[in-house]
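Number of protein chains: 2
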Amino acid sequence: MDRLDLIKDLSITNDTKMVLLVLDGLGGLGLEPGGKTELETANTPNLDLLAESAALGITDPIMQGITPGSGPAHLGLFGYDPIKYRIGRGALAAAGIGFNMQENDLAARINFATADDSGLITDRRAGRIATDESSQLCTLLAKIEIRNVKIFVKPVKEHRAVVIFRGDSLSDKLSDSDPQKTGVQAKEVVALADGAKTTAVFVNEFIHKAQSILADKHPANTVLLRGFAKTPSLPQMKNVYKLNAAAIASYPMYKGLARFVGMEILQTGPTIREEFETLKTSFNEYDFFFIHIKATDSSGEDGNFAKKVKVIEEVDKNLALITSLNPDVLVVTGDHSTPAALKSHSWHPVPFLLYSKYCRFDNAKHFGETYCSKGTLGRFPAVDIMSLMLANSLRLTKYGA
Amino acid sequence: MDRLDLIKDLSITNDTKMVLLVLDGLGGLGLEPGGKTELETANTPNLDLLAESAALGITDPIMQGITPGSGPAHLGLFGYDPIKYRIGRGALAAAGIGFNMQENDLAARINFATADDSGLITDRRAGRIATDESSQLCTLLAKIEIRNVKIFVKPVKEHRAVVIFRGDSLSDKLSDSDPQKTGVQAKEVVALADGAKTTAVFVNEFIHKAQSILADKHPANTVLLRGFAKTPSLPQMKNVYKLNAAAIASYPMYKGLARFVGMEILQTGPTIREEFETLKTSFNEYDFFFIHIKATDSSGEDGNFAKKVKVIEEVDKNLALITSLNPDVLVVTGDHSTPAALKSHSWHPVPFLLYSKYCRFDNAKHFGETYCSKGTLGRFPAVDIMSLMLANSLRLTKYGA
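For the record, the sequence lines run as chains A and B. Numbering-wise, the first sequence is residues 49 to 449 according to my numbering. Numbering-wise, the second sequence is residues 49 to 449 according to my numbering.
By construction, these hints were calculated from the structure, which means they are not laboratory data. Treat the hints loosely; a few may be bogus.
In this list, chains with the same sequence are indistinguishable; a pair is considered to hold if it fits within one copy or across any two.
[Stated by the list, open to error] Distance condition first, Cα-Cα at most 30 Å in a straight line; then the derived BS3-like pairs of lysine-lysine:
1) Lys221 <-> Lys405
2) Lys358 <-> Lys391
3) Lys229 <-> Lys205
4) Lys278 <-> Lys56
5) Lys422 <-> Lys265
6) Lys290 <-> Lys132
7) Lys265 <-> Lys446
8) Lys391 <-> Lys84
9) Lys191 <-> Lys391
10) Lys257 <-> Lys391
11) Lys132 <-> Lys56
12) Lys355 <-> Lys278
13) Lys405 <-> Lys355
14) Lys65 <-> Lys205
15) Lys257 <-> Lys235
16) Lys191 <-> Lys278
17) Lys358 <-> Lys446
18) Lys446 <-> Lys198
19) Lys290 <-> Lys191
20) Lys56 <-> Lys84
21) Lys286 <-> Lys56
22) Lys245 <-> Lys221
23) Lys286 <-> Lys132
24) Lys290 <-> Lys235
25) Lys205 <-> Lys257
26) Lys229 <-> Lys405
Computed from a prediction, not measured in an experiment: that's the story for all the values here.
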């Protein structure tokens with residue numbers, strides 16, 4: 049029995065309100081080995097006050113030592129085993145640019161690439177052409193017409209783009225055309241299941257037409273496709289948790305991930321304050337709110353320790369906008385760690401804080417990795433967060449008699 | 049998807065060095081309930097200094113409450129799920145005496161035993177005959193000739209021995225001849241799969257010939273065989289982790305276990321200092337070193353608390369031989385607990401210390417069970433140790449986009 053089956057069996061509705069506040073890449077490291085992390089350095093009087101009357105813990109997004117991407121990390125936060133449930137690269141890329149895939153759409157990542165006269169790939173990234181240039185190429189490719197399939201080609205960044213095919217009976221059981229190395233030809237796309245044969249023929253036709261269009265566009269004179277994926281068919285929060293859930297996020301990727309699990313996406317502004325104000329104005333309409341703050345992660349990826357500290361302090365300054373609403377359950381955590389010292393996502397466990405009337409308090413002095421790692425909730429997999437929130441909102445009935 | 053499949057997908061190579069220092073049976077108990085353990089009693093200034101700038105935790109070799117043998121405990125340390133991957137008793141016994149099994153060899157544990165005139169087993173251990181005596185009997189049994197199969201019979205200790213058959217198409221899908229009780233006859237060995245029938249006939253022939261040879265050797269006038277096993281076919285460290293790994297151990301069992309997962313076995317002397325010096329001389333040639341210290345476990349098994357304390361202090365005195373090499377990742381832990389108070393392996397979780405530039409420090413005052421159980425790494429399964437070491441050496445790429 050899947051954990052979601054169990055939770056579906058036990059979950060009930062009531063009129064409690066839950067807020068899951070995710071500071072992307074919250075976990076960190078000191079600038080020097082053993083130094084204070086970004087969160088420990090930040091001046092956070094409001095989070096610290098909350099930590100005094102909350103249960104703390106530290107979570108593993110996937111498992112010890114594994115560094116997650118945004119997709120698996122958020123699936124875990126939403127209670128979906130990130131090893132079992134996977135979102136294909138094409139679908140994730142479409143979500144990342146805010147493209148709202150329909151049920152039968154087929155998406156794939158595109159790399160603009162360079163081929164020599166005999167068709168051998170010489171650069172899988174076409175010299176990392178500027179986004180402006182690839183945007184223009186996408187417009188050209190979007191004009192390709194093949195039978196009744198509607199084709200969208202959208203730029204992502206530099207040589208990266210995404211293609212979405214909208215038609216009947218498209219399959220994602222396809223191999224990549226991207227050979228993942230240079231000095232060889234792009235591969236034919238091959239059907240990996242019987243029902244995928246016509247889709248493979250169609251996709252290869254698209255690629256050949258794209259190559260004709262790009263022939264004189266050196267260095268971007270060909271395309272490599274990979275990660276064919278349809279919209280992931282994930283259990284929906286409404287069914288599993290019986291929750292009316294909403295997402296407040298300003299980055300397309302996180303809206304897309306929330307949409308995949310059935311959350312409503314709320315219109316909001318780009319600042320932390322605007323996101324929190326959106327919570328206030330919508331607070332009566334939903335049971336569960338996922339609020340996503342992106343800048344902690346992006347400043348960590350940039351290696352900007354001071355900026356990440358500042359973003360955390362900005363969240364702290366505006367925290368009263370959330371706490372004044374008196375949610376029954378409030379969680380503050382991250383989806384993974386992004387230490388500025390590493391300039392990338394990392395495997396380190398993530399600080400976690402849960403407030404509810406029914407948790408055991410830690411009486412911690414500060415919300416940070418050190419206190420969290422000694423917290424009453426211990427170290428636990430992030431996939432347990434949703435059941436913990438549901439329990440604390442008294443939305444899970446007894447298991448067994 | 050198996051955890052090793054995941055790690056294989058994510059692992060990359062670089063020029064970092066890792067050391068896994070295993071003090072066998074490190075975890076302990078006080079002599080009086082609640083007293084200081086062996087590790088807490090030992091005077092360990094160097095380990096304590098290391099603990100200040102390291103991450104501490106406490107590991108479960110298998111799961112809460114389970115006491116592991118050496119085989120499963122080490123498989124866990126090497127990152128192999130010890131419930132899923134098993135090494136048959138025969139193969140483990142062969143490893144334990146330093147017998148280097150070839151790919152198609154079949155091994156089994158032998159007990160010299162006593163049977164009465166009607167063939168009923170009266171003592172499954174032949175009065176625990178001395179090792180010298182059983183050695184002589186092994187020499188006699190090794191002379192048995194059956195077709196083209198080469199037969200090795202080697203003493204282990206007292207009534208215990210091991211037999212290795214080397215021939216074509218031998219199968220280990222065989223039942224035991226050992227009835228596990230007295231007052232009954234030894235069992236015929238039965239094929240448990242179709243392909244094992246000729247092996248069963250052959251093994252029964254070996255047993256009958258052995259009984260003839262031993263007929264006048266009362267009390268060791270028969271043999272009982274159990275745990276038929278071929279060399280375990282385990283994923284190899286080189287493939288899964290992309291590691292060039294070496295083992296430094298003086299006891300045959302641990303060399304055998306390391307060999308099963310594809311480590312190179314380095315020549316070393318019997319003392320702790322000699323083992324550490326072997327690390328120094330081979331440090332440039334490998335990525336990963338497993339160093340095994342046996343005496344912590346054997347003194348624990350002997351119930352010799354003071355001796356176990358002394359062995360730990362001896363490790364501490366020589367620790368600079370390791371730390372002066374500046375490994376990128378250094379782990380100090382045990383494979384399980386062997387409290388002198390219990391004179392045996394136990395289920396207690398095992399103190400764990402990891403140093404790397406990228407770990408969150410615990411600032412602990414002492415390396416011991418109490419600090420470890422409150423450490424920043426929390427309590428975690430030992431099977432996670434390898435992924436944690438690989439992460440800290442920046443050898444694991446991101447999971448998912």
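Against the structure, the hints:
In this assembly of identical chains, the alpha carbons of Lys221 and Lys405 never lie at most 30 Å apart, being 48 Å within a copy and 43 Å across copies at closest. When the C-alpha separation of Lys358 and Lys391 is checked against a cutoff of 30 Å, the pair qualifies only within one copy, where the shortest distance is 17 Å, while the shortest distance between copies is 44 Å. In this assembly of identical chains, Lys229 and Lys205 lie within 30 Å of each other by CA distance solely inside one copy; the values are 21 Å within and 57 Å between copies. In this assembly of identical chains, the alpha carbons of Lys278 and Lys56 lie at most 30 Å apart whether taken from the same copy (25 Å) or from different copies (26 Å).
Neither within a single protomer nor between protomers do Lys422 and Lys265 lie at most 30 Å apart by alpha-carbon distance, with minima of 57 Å and 61 Å respectively. Taking the shortest alpha-carbon separations for Lys290 and Lys132, both the intra-copy value of 22 Å and the inter-copy value of 25 Å come in at or below 30 Å. In the homo-oligomer, the alpha carbons of Lys265 and Lys446 never lie at most 30 Å apart, since the shortest distance is 64 Å inside one protomer and 33 Å across protomers. For the identical chains of this complex, Lys391 and Lys84 are intra-copy neighbours only, at 16 Å inside a copy versus 42 Å across copies, given an alpha-carbon limit of 30 Å.
In the homo-oligomer, the alpha carbons of Lys191 and Lys391 never lie at most 30 Å apart, since the shortest distance is 38 Å inside one protomer and 66 Å across protomers. In the homo-oligomer, the alpha carbons of Lys257 and Lys391 never lie at most 30 Å apart, since the shortest distance is 39 Å inside one protomer and 69 Å across protomers. For the identical chains of this complex, Lys132 and Lys56 are neighbours both inside a copy (17 Å) and across copies (17 Å), given an alpha-carbon limit of 30 Å. Taking CA atoms no more than 30 Å apart as the test, Lys355 paired with Lys278 passes in neither setting, with 37 Å inside one copy and 59 Å between copies.
For a Cα distance limit of 30 Å, the shortest separation of Lys405 from Lys355 across copies, 22 Å, qualifies, whereas the shortest one inside one copy, 34 Å, does not. Taking identical chains as interchangeable, the C-alpha atoms of Lys65 and Lys205 are never at most 30 Å apart, the minima being 38 Å within one chain and 36 Å between chains. In this homomeric assembly, Lys257 and Lys235 come within 30 Å of each other (Cα to Cα) only inside a single copy, at 15 Å, whereas the closest approach across copies is 63 Å. Only within a single protomer do Lys191 and Lys278 lie at most 30 Å apart by alpha-carbon distance; the minimum there is 22 Å, versus 62 Å between protomers.
When the C-alpha separation of Lys358 and Lys446 is checked against a cutoff of 30 Å, the pair qualifies only between copies, where the shortest distance is 26 Å, while the shortest distance within a copy is 43 Å. In the homo-oligomer, the alpha carbons of Lys446 and Lys198 never lie at most 30 Å apart, since the shortest distance is 49 Å inside one protomer and 33 Å across protomers. Proximity of Lys290 and Lys191 under a CA criterion of 30 Å is satisfied in neither setting, with 43 Å inside one chain copy and 45 Å between copies. In the homo-oligomer, the alpha carbons of Lys56 and Lys84 never lie at most 30 Å apart, since the shortest distance is 41 Å inside one protomer and 33 Å across protomers.
In this assembly of identical chains, the alpha carbons of Lys286 and Lys56 lie at most 30 Å apart only when taken from the same copy (10 Å versus 36 Å across copies). For a Cα distance limit of 30 Å, the shortest separation of Lys245 from Lys221 inside one copy, 9 Å, qualifies, whereas the shortest one across copies, 43 Å, does not. Taking the shortest Cα distances, Lys286 and Lys132 sit within 30 Å of each other both inside one copy (20 Å) and across copies (26 Å). Proximity of Lys290 to Lys235 under the C-alpha cut-off of 30 Å is restricted to the inter-copy arrangement: shortest distance 27 Å between copies versus 45 Å within a copy.
Taking the closest pair of Cα atoms, Lys205 and Lys257 come within 30 Å of each other only inside a single copy of the chain (23 Å); across copies the shortest separation is 75 Å, beyond that limit. For the homomeric pair Lys229 and Lys405, neither the shortest alpha-carbon distance inside one copy (56 Å) nor that between copies (33 Å) is at most 30 Å.
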